[in-house]
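S.K.: The listed protein sequences correspond, in order, to chains X and G. So the first sequence is numbered by the working numbering: it starts at 203 and just counts up by one. So the second sequence is numbered by the working numbering: it starts at 18 and just counts up by one.
These are computed hints drawn from the structure, not numbers from a lab. Each residue gets a CB set at the ideal place from its N, CA and C atoms; glycine is no exception. A few of these clues could be false.
To be verified - Where chain G lies over chain X, by a calculated footprint (3+ residues, C-beta under 8 Å):
{"#": "1", "region": "209 to 217"}
{"#": "2", "region": "239 to 247"}
What the hints assert, rightly or not - Label pairs and their calculated CB-CB ranges:
{"#": "3", "chain 1": "X", "residue 1": "Asp228", "chain 2": "G", "residue 2": "Glu125", "range": "47 to 57 Å"}
{"#": "4", "chain 1": "G", "residue 1": "Lys153", "chain 2": "X", "residue 2": "Lys206", "range": "37 to 47 Å"}
{"#": "5", "chain 1": "G", "residue 1": "Asp37", "chain 2": "X", "residue 2": "Val268", "range": "23 to 33 Å"}
{"#": "6", "chain 1": "G", "residue 1": "Ala127", "chain 2": "X", "residue 2": "Asp299", "range": "42 to 52 Å"}
{"#": "7", "chain 1": "G", "residue 1": "Lys131", "chain 2": "X", "residue 2": "Ile295", "range": "25 to 35 Å"}
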Amino acid sequence: MEKKDLKVLVVGGSDVINAAVKSAVDLYSVQCDVINIEDAEEMIFGGDYTHIIVSLERDEEREKGVIFYNLLKIRLPAWRKNAKLFRAGTEDILTDDYVRIFSIMNDLGKKIIL
Amino acid sequence: MIKKIIVVDDKTEELEKACDLVMAKGFMPLACSTNEDAVDTIKKYQGKGLVGILTDLHFPVREGGSPEGASGLYIVYKALMGDISVVICSDIDHHKADWANELIGAVEKATGKKVAGFVQDSKNWERALSLLLNEKEK
């Protein structure tokens, strides 16, 4: 997929992490929207995002983010959406679906932009 | 506001089949595979475009849990308590349907409200959706 065709949605309850992820995506000149968890489902259902990043880190929102991420694993295929699903956080997790905030540029470059 | 229908089943292929039908009718399906997901989704969308619920009877209460037991009855109870239309769609056979009908009757008695339908013997989501939409037209 070419860079011009990428459309990223950042979902999460932490403004700081949302902004960090969006800023990093913007630096690659890729389309990117940000939305809170409460309003995200309608946006995803009606949209054509290629990548969705759910940010997990902020203590009181952490569980909410994990629950939403797990829910999207069920709902995306049910909506016939092909968007690739990612989590973003500050842990040093190396799996392909995890975007590490501390090395976000590196992870975005390797795992999304390609 | 997009009109939404919650669909509950622990089997992915059944969820996708039901959600395809719901989308074909112009609604946004909200797929749930556990009791907890379904209750959270009811809370989130009640009064926000939620039209009704299509639910299986047997599925796990928690992710990774055992599907034994009629967990769907809890969803039925929550739906009726919230005045939300609900249709049960289960491939439960005739022999087991007797106790299921009794339990559903007990839930209806407790809430003072009726389920919009109970599709038995086969997972006929089309029939279940039709019952739900008929109920909404009344």
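S.K.: Each hint needs a verdict: does it hold in this structure or not?
M.R.: A quick look at each hint next to the structure:
1. 209 to 217: That given contact is violated, which follows from only 0 residues of the region 209 to 217 of chain X lying within Cβ reach (below 8 Å) of chain G.
2. 239 to 247: Since 4 is at least three, the answer is holds.
3. X:Asp228 <-> G:Glu125: 47 to 57 Å: holds (54 Å)
4. G:Lys153 <-> X:Lys206: 37 to 47 Å: Cβ of Lys153 of chain G to Cβ of Lys206 of chain X: about 43 Å, so the range 37 to 47 Å holds.
5. G:Asp37 <-> X:Val268: 23 to 33 Å: holds (28 Å)
6. G:Ala127 <-> X:Asp299: 42 to 52 Å: Holds, since Ala127 of chain G and Asp299 of chain X (Cβ atoms, about 43 Å apart) stay within the stated range.
7. G:Lys131 <-> X:Ile295: 25 to 35 Å: violated (49 Å)
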